[in-house]
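**Student:** Please build the complete structure, drawing on both the sequences and the hints.
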Amino acid sequence: MALTEKYKELIELARVNNVMVTHNGKVLKLEGTVPTASIKDKMWDIYQRLDPQFRSNDVLMNVKAAVTEGGKVRVVTRESRLNIRKGPGTDQPIVGKAEKGEIITLISKSNDLWWLVRDVDGEEGYCYAQYLEPVQ
Amino acid sequence: MTAIALILALGMSVVSCKNVKDADVQNAAQEVVMADPALTGVVVTVQEQIATLTGIVEDEAAKMAAESAVAAVENVKSVVNQIQVIPPAPDYTELDAAINAALADALKDHANVTATVQDGVITLNGEIRERDLPTLMEKMNALNPVQIVNNLTVK
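For the protein sequence lines, the chains are A and B, in the order given. Residue 1 is where the first sequence starts when you use the working numbering, and the numbers rise one by one after that. Residue 1001 is where the second sequence starts when you use the working numbering, and the numbers rise one by one after that.
Simulated from the structure, these hints should not be mistaken for laboratory data. Fair warning: there could be bad hints in the mix.
Stated by the list, open to error - Cross-link-like lysine-lysine pairs, in silico, BS3-like; alpha carbons within 27 Å at most: (1) K109(A) <-> K1155(B); (2) K1108(B) <-> K72(A); (3) K1108(B) <-> K100(A); (4) K29(A) <-> K1108(B); (5) K29(A) <-> K109(A); (6) K1077(B) <-> K100(A); (7) K86(A) <-> K1155(B); (8) K1155(B) <-> K42(A).
**Tutor:** Right, here's the structure in full:
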């Protein structure tokens, strides 16, 4: 089945949210920024439903939820607390921890994978961006 | 008198035509081609003022550029364009290095997962709990690979 047919539902949601959709016959690529974290989550839910356990290796989805520097982000770890580190990297010393569900301030996302944040105690440091979700 | 002049003139023109040496035209044409860095793989041969282009270029535009450049060379009557267009293989060295550098951080919370990168393709091996799989996939996708090959055992 053609990729565009198989992932029709995902592509439709992507297009409505101005996510760029391209494909080379082998891999469908979705790239862009959506207005909210819930839209991003919905896209991942659809992807997972259409391709259980992500077995087909035929999609790349790099979709981010819009977030502004100075705005609030929620810690979305599964259960553990999120490390706040001195620099962008797991080799950097831990300077603080944020609780799961805690809402902290985004200072800068100049590094795509590691965002600079300030926690409720005023501690500043870097967190892995995948564990932070913008709060609307 | 006029007839002689005409014969002479004709004779001269025939001689001047024969004076065009294919080797000279070929050298001139090859020189024009060599001036363009995109056309370094192009070879020109000229026979009876017909230039034949062979060799390899990276794109269609270069092939056309070679043809029009040689067509404009003096004493080239026509051009036979036999250039092959072969696009260069993409270079993934930088992308692989960038992904490799970011993998340790991305895999930190997934101790039983290993990942390798080649030509921009991330291959995942090992095992993972089903509930952690979307998190891992999201992290891998954020590294902007060309493809993700998922060989994970899902528990």
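**Student:** Are K29(A) and K1108(B) close enough, with their CA atoms no more than 27 Å apart?
**Tutor:** This hinted pair holds, its Cα atoms lying about 26 Å apart.
**Student:** Would the hint linking K109(A) and K1155(B) be met if the CA-CA limit is 27 Å?
**Tutor:** violated, 34 Å
**Student:** Between K1108(B) and K100(A), is the straight-line Cα distance small enough, at 27 Å or below?
**Tutor:** Distance of about 18 Å is within 27 Å: holds.
**Student:** Can you confirm whether the C-alpha distance between K86(A) and K1155(B) stays at or below 27 Å?
**Tutor:** Roughly 35 Å separates the two Cα atoms, so the pair is violated.
**Student:** K1108(B) and K72(A) were given as a pair; does the straight-line alpha-carbon distance stay at or below 27 Å?
**Tutor:** holds, 25 Å
**Student:** So if I understand the rule, the pair passes when the alpha-carbon distance is 27 Å or less; does K1155(B) with K42(A) pass?
**Tutor:** This hinted pair holds, its Cα atoms lying about 23 Å apart.
**Student:** Compare the distance between the alpha carbons of K29(A) and K109(A) with 27 Å, and conclude whether the hinted pair is satisfied.
**Tutor:** holds, 23 Å
**Student:** Taking 27 Å as the top limit, are the C-alpha atoms of K1077(B) and K100(A) close enough?
**Tutor:** Status violated; Cα separation ~78 Å.
Checked against the numbered hints given earlier, this structure breaks hints 1, 6, 7; the rest are met.
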